[in-house]
Amino acid sequence: MKIPEKVFNTLFFLPIVIFLASQAYAGEPVKFTFTSPESKVVFEGSSTFHDFDGKASEISGFAEGDIENLEDTSKGTFEVKVVSMTTNHEKRDSNMMEDMAEKLFPVISFNLTRIAILKKPASESDHYLVKISGELAMHGVKKDIAFPATMSLSDKAINLKASVPLSLKDFDIKPRTFLFMSVKDQIKVDFDLTGVRI
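For what it's worth, the working numbering labels the leading residue of the sequence shown as 1, then goes sequentially.
Worth flagging that the hints you see were computed from the coordinates, not collected in a lab.
Straight line, CA to CA, 20 Å or less: simulated DMTMM-like cross-link-like pairs of lysine to aspartate or glutamate: (1) K91 - D185; (2) K81 - E44; (3) K161 - D144; (4) K120 - E64; (5) K184 - D93; (6) K75 - D192; (7) K143 - D172; (8) K188 - D53; (9) K81 - E98.
Computed from a prediction, not measured in an experiment: that's the story for all the values here.
Assemble the whole structure, with the sequences as input and the hints as a guide.
And the structure:
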């Protein structure tokens with residue numbers, strides 16, 4: 001039985017088109033944006049008599065890279081507006097804004113410089129274990145930091161989770177004393193960033 005010419009051409013060229021399209025997609029970077037409702041940044045600290053925690057509500061940023069070659073192509077940044085940080089204690093929050101000089105330095109930012117894959121997911125429901133390196137800018141001071149994180153990745157979304165210890169002194173932040181209570185130097189920042197593909 002003779003195959004019609006149009007059908008033959010379709011059957012012949014379709015695999016080639018699919019192959020070329022898949023190769024183009026594999027080599028192209030994909031971009032994800034982080035937004036406040038889906039992403040969370042919380043911080044924990046200690047003072048003379050008790051511990052406290054807080055959160056930031058205004059978060060933005062992006063992550064970009066070739067999914068097949070993350071270590072060599074990844075880049076990204078995320079920002080937190082200082083004014084959106086709160087510990088649900090009016091006086092402490094007011095002191096925090098002054099200590100961080102919010103009017104002069106309204107944004108805390110992190111710029112990714114490298115991502116190293118420590119462990120690949122064993123299944124589609126598993127996550128990557130990665131080491132993230134970059135520059136953190138806070139209170140007018142820039143500092144290179146690196147920390148482990150878990151990363152979940154799909155065609156439509158990315159999620160990054162990590163816990164990062166920080167020293168306030170490293171960023172020239174000197175918390176004031178209030179009613180004989182002073183904030184200790186070490187804080188812990190936990191972030192859970194979810195980005196959607198654009």
